[in-house]
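For the sequence shown, position 206 (counting from the first letter as 1) is numbered 1590 according to the working numbering, and the numbering increases by one without interruption.
Rather than coming from a laboratory, the hints here were simulated on the basis of the structure.
Treat the hints with care, since some could be wrong.
As the list claims (entries may be wrong) - Derived DEER-like restraints, expressed as beta-carbon distance ranges:
| no. | residue 1 | residue 2 | range |
| --- | --- | --- | --- |
| 1 | 1409 | 1624 | 38 to 48 Å |
| 2 | 1541 | 1392 | 25 to 35 Å |
| 3 | 1499 | 1530 | 30 to 40 Å |
| 4 | 1394 | 1558 | 19 to 29 Å |
| 5 | 1528 | 1549 | 34 to 44 Å |
| 6 | 1586 | 1496 | 14 to 24 Å |
| 7 | 1579 | 1486 | 40 to 50 Å |
| 8 | 1595 | 1385 | 45 to 55 Å |
| 9 | 1560 | 1471 | 12 to 22 Å |
| 10 | 1403 | 1525 | 16 to 26 Å |
Unchecked claim - Calculated cross-link-like contacts (lysine to any residue; reagent style SDA-like; alpha-carbon spacing at most 25 Å):
| no. | residue 1 | residue 2 |
| --- | --- | --- |
| 11 | 1586 | 1497 |
| 12 | 1581 | 1532 |
| 13 | 1581 | 1615 |
| 14 | 1488 | 1458 |
| 15 | 1569 | 1542 |
| 16 | 1581 | 1571 |
| 17 | 1565 | 1581 |
We put the CB at the ideal spot given by N, CA and C, even for glycine.
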Amino acid sequence: MSQNNININGIVNYGMEIYTATNTQITDNNITLNGSKSMEIGYAHSLNSTATENTITINDDSTIPINSVTEEIQPENTGIKIQQDPINIELENNKIKITDTQQKDTTIHSEESVNITIKNNQLTSSTGYGDETILAPEDAIIENNIINTNITTEDVTTLTNTPTTLTAAITDGDNVINNGKVVFKINGKTVKDANGKVIYAKVSNNQVNFTYTLPSDMKAKEYNLTAVFISSDYDCLEDTKTLTVN
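The task is simple: from the sequences and hints, build the whole structure.
Following this line, the structure appears as structure tokens:
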């Protein structure tokens, strides 16, 4: 199963249900589900199966009540569910992003583990990123499920007493970042306003820019210019470039 575009809106959504199947390959699909109890891929009694290079997006609302469902794979707020005698299941290089209003979601949930491998996936849930969004037995092989988040600033050439624009860009795969803030440091000292307060620039659409006037007593030379990204959702990130004062 490959190169499918699946979009489902409703209550109790199943993108793909793999039941008593062997040697299945699910690859390069775009699957989007909107609604309470949405599951992109579910495995039960299935052997020697792989899911790779899939882009999975779920917008869930677990505040919506649902009736009991007679189904082997029970409804759940998760990207991929593995249960009941799974053997040799490999999940690799998938992008899974799931949101839930009550934060009761997981990106991957494996109830059992007989050679289950989960690695090199980009995982985002309502509560976190990477491995912390996975629910699986301890003997499952879980490796390198990270979000490649980076911050990049730019070299600046300017004069003292001249308004100077400082910029930074934060990337998180395909995700748009509108939370967090950036502070700038010059040779390790945090940039402050005229009242001595630290200047925080808010992130909007992955970008930060603000205008700062260098003090008149700064010497004409090169300085280290460091942008520091601070957010409750991400680890602290830094990038250093060169500030040249002429």
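Ascending list of hint numbers which this structure does not respect = Numbers 2, 3, 6, 9, 11 and 12 - these are the hints that the structure violates, sorted from lowest upward.
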